[in-house]
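> Using the hints provided, position chains B and C relative to the given structure of chain A.
Chains as they are written, first to last, in the working numbering: chain A, 1 to 358; chain B, 1 to 358; chain C, 1 to 358.
Please note that a few of the clues may not be correct.
The list makes no distinction among identical chains, and a pair is therefore deemed to hold if it is satisfied within one copy or across any two copies.
[What the hints assert, rightly or not] Quick list of in silico lysine to aspartate or glutamate cross-link-like pairs, EDC-like style, CA-CA up to 20 Å:
(1) K229 <-> E247
(2) K94 <-> D311
(3) K62 <-> D190
(4) K196 <-> E247
(5) K188 <-> E78
(6) K15 <-> E67
(7) K45 <-> E32
(8) K229 <-> D190
No wet-lab data here; the hints were simulated from the structure.
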Amino acid sequence: MQKSASQIAMLLEGKVFGNPDVIISGPSKIEEGKPGTISFLGNPKYAHYIYDTLASAVLVSKDFVPERPLKATLISVENVYASLAILMEHFSPKIANEKIISSTSIIDPTVHIGDEVSIDDYVIIKANVRIGSRSKIFAQVYIGNNVHIGDNVLIYPGVKIYRDCVIGNNCVIHANAVIGSDGFGFGKDDSGGYKKIAQLGNVVIEDDVEIGSNTVIDRASIGSTMIKKGVKLDNLIQVGHNVTIGENTVIAAQTGIAGSTKIGPNCLIGGQVGFKGHIDIAEGTMIQAQSGIGSNIKHENTKWYGSPAIDFNNYLKSYAYFRKFPEIVQQMRKQEIELDRLKQEIKNFADKTKKEIR
Amino acid sequence: MQKSASQIAMLLEGKVFGNPDVIISGPSKIEEGKPGTISFLGNPKYAHYIYDTLASAVLVSKDFVPERPLKATLISVENVYASLAILMEHFSPKIANEKIISSTSIIDPTVHIGDEVSIDDYVIIKANVRIGSRSKIFAQVYIGNNVHIGDNVLIYPGVKIYRDCVIGNNCVIHANAVIGSDGFGFGKDDSGGYKKIAQLGNVVIEDDVEIGSNTVIDRASIGSTMIKKGVKLDNLIQVGHNVTIGENTVIAAQTGIAGSTKIGPNCLIGGQVGFKGHIDIAEGTMIQAQSGIGSNIKHENTKWYGSPAIDFNNYLKSYAYFRKFPEIVQQMRKQEIELDRLKQEIKNFADKTKKEIR
Amino acid sequence: MQKSASQIAMLLEGKVFGNPDVIISGPSKIEEGKPGTISFLGNPKYAHYIYDTLASAVLVSKDFVPERPLKATLISVENVYASLAILMEHFSPKIANEKIISSTSIIDPTVHIGDEVSIDDYVIIKANVRIGSRSKIFAQVYIGNNVHIGDNVLIYPGVKIYRDCVIGNNCVIHANAVIGSDGFGFGKDDSGGYKKIAQLGNVVIEDDVEIGSNTVIDRASIGSTMIKKGVKLDNLIQVGHNVTIGENTVIAAQTGIAGSTKIGPNCLIGGQVGFKGHIDIAEGTMIQAQSGIGSNIKHENTKWYGSPAIDFNNYLKSYAYFRKFPEIVQQMRKQEIELDRLKQEIKNFADKTKKEIR
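Just chain A, with the same shape it has in the complex:
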């Protein structure tokens, strides 16, 4: 696909600065820009690359003002990442709409499959499953009894979906993710061992959710584990039974959420964060990577850090002192010595004064 800078600007509702006729055939990174490609400047850290990049064009924010002349044509837009998303979509190889159902897939006769669905090799689809239109099931996927899958869903190779789960429209589930395995529920028995508590619920994933590779979402013991509309989960995340994740919340890789915790909408959760079970997290909460959340977060739009997590800025302040702990203790020791010296001085002085007065 080839497009001129001016055509791209039109597509993105942006403005061109420089040669509008330069021809673009794909994207490149600004530090590795090549002629005939378009780069982008999202993170200001990379701004210095823009003056020397070999990319023919660069997507920039409308607020960007070059500090010196540059060769690349600039296309300035309202929101660089949103525009980049549109542009990358244009350069993206289309997943062929094969409408093919492989003869090596094993599909129960009770399954209902919508229009223009493709199902690749060695897929297994059990009884009473429904799959919406234009969804694509890649190879070696397993879909258990009674699962419902919406329209325009992509399920990558090796994903396993246990019985009774529900997947909304426009979802993407990456390779080897597991949806609906048993929650981690055991009751202690009299012998000191544990007895499994049957996990009778399911997982409900609403529309527009993306789930990363090897992420696991456990089924509810009773009721549903809920992943609401627009949630984005990175790779290797653990979602315990009966958890709810609110709309448009974004969670980075390797975070774990223990059972029955409810995370509000529009949260931004870093990687390797841990949530205790049975807590509630308010809307818009931001959590720094590796934090441990051990209790409810009640106020919206707050930022947290540490294990257990405290206010983000307070953590940084306390940690700054933690780094200087040896100096602080040394300073305290100095004060102690000084204090002892003073006591002695006062005593000496008092003794002397007494003598002199006498």
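Chains B and C in isolation, oriented as in the chain A frame:
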């Protein structure tokens, strides 16, 4: 399945308070209780829901005393979670005992399969494998040469078991878990690179073990990685080569255990905990989520927190001061100023006294 | 395979102390040594086992000097782990070079397969893939369009490799790992939701790389996620889009690396470490398990600990005071009381002196 409250009480050896004839057809959560269902009150945090729940019955501890009247029939039992386990089992859909061995599974002629085993589609079972009676192998599982699997074992879709591993009776292994992959062992070579050390051992999983989705247990370099009777491992856990996990130890999601570490029996390990290699952890150790265990734990039944972990309560005390670190340092600065002021005061006073005395 | 101690010494270029004719048929752990086996002493922690081990021979460092007589034949070598690697390789069961391409594998006609390749059951290989000589693809693997795989590569069951990725020679990829899934890239849209940014790049894995089970390496948004020659990745690791990992860097389990971060060569990274995105880590950096790396590391061969990480030794010093925080604060309180007492004493003394002088 429908049962009256009195029938359920009989099953659980509990007592009924309220209408014994109310009919129950399934479980529900206490905060989402529905007529015709039975809820439970395990965590006291949820006690306030019991007065308004629409559930027809609620399973409570024999110690529970209502603070005011309530509509639901109560069934009081010795141990709520153990009773819940029994009850949920009753409501659990039975996995059909199909005794079917799929014609699409590829089973080596040397494999020995017990009675009433079911093997689903696209399973691969290599030479000299033995599978006990009433075990169920779900679709797309891989079982390498010489693996032995006991009776009543459930192996969910996509599990991969490398050669020579042993799985006891009544085990459950969830989707896409990996058992017996190579331990992470390399020797530095002269060129600055690493040479792989062949991993010749296996994994031995004893009876009554449950293993979560996408959990990995590496084979021993020499000998066996041991998962003892009754161990419960959550999802996405890493168990390194030559690790031993003692009987009835329970480990939450995303914890990692480095090579050759031995964890005693009856431990409770939180999520995202890390264990250094080559250490020993005493029986009954409790470890808070996200802790890092860097040395032996010798005394039984102790509780730990932090990275590196220290006594649980001491960590909380130290962390309480960590949170107040800016105030503490400010207080120290104040003392310093006060100390300087005192020194000056003494000096002034001494000068003055001298003059006056003179 | 049976070998005498003297034959083993010759193989390892080591020296024999004790009976050179003792026959060895396999390896054992020193604490579980059995007659007819050879153990090794790598970690000095295990040195005390050498005097009582039943192993017929023990591999030791040339620096090892026994403190008292012992029964086992010693074979002393320059580098115990490197020698062990060679020895274990000798005892390792050879993976049969079956040169078989299963009729149940589904291989696109455009695929090019080298000499002596084996492809097991239910493997799927898409268009334009190339596989080098003597590589072995285990069962249930998925290899997407245009993937190139080198010579002598082992790909274990259930691995999923997305389109366009490149795997070098002599690589090992363990079960259910995912290579080339989409990077976690979204642009905020006007409605408060997120729009996916298409991920157009790939993953390039160079020669001699080992990748653990259930590890995930995301494809670049643009360009390549790079895993350089000789890198060793343990299980359950997350590698974000556009990351580069330098030559011979070794990373332990469950570590996560956010997008666009560049890790230098010869680094040693512990388990459960987290790296922020868009940072650079110098050659030879050592990072303690569970650390969080939030900014560039510029100097080579430094050692880090903490979240956020600081100098390793400084962290230990600060943490030693953190453990004593309650005592330190108590000491400060004592000083405060002492200071108040001194102030009062001076005041009293001054009052008294004034009176006496008057």
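> With reference to the structure, classify each hint as holding or not holding.
Going down the list of hints, with the structure as the test:
1. Taking the shortest Cα distances, K229 and E247 sit within 20 Å of each other inside one copy (5 Å), while across copies they are farther apart (41 Å).
2. In this homomeric assembly, K94 and D311 never come within 20 Å of each other (Cα to Cα): the closest approach is 45 Å inside a single copy and 48 Å across copies.
3. Taking the shortest Cα distances, K62 and D190 sit within 20 Å of each other only across copies (16 Å), while inside one copy they are farther apart (68 Å).
4. For the identical chains of this complex, K196 and E247 are inter-copy neighbours only, at 16 Å across copies versus 32 Å inside a copy, given an alpha-carbon limit of 20 Å.
5. For a Cα distance limit of 20 Å, the shortest separation of K188 from E78 across copies, 12 Å, qualifies, whereas the shortest one inside one copy, 58 Å, does not.
6. In this assembly of identical chains, K15 and E67 lie within 20 Å of each other by CA distance solely inside one copy; the values are 19 Å within and 69 Å between copies.
7. For the identical chains of this complex, K45 and E32 are intra-copy neighbours only, at 15 Å inside a copy versus 49 Å across copies, given an alpha-carbon limit of 20 Å.
8. With identical chains, the CA atoms of K229 and D190 are at most 20 Å apart between copies only, with a shortest distance of 16 Å across copies and 43 Å within one.
Violated hint: 2 only; the structure is consistent with all others.
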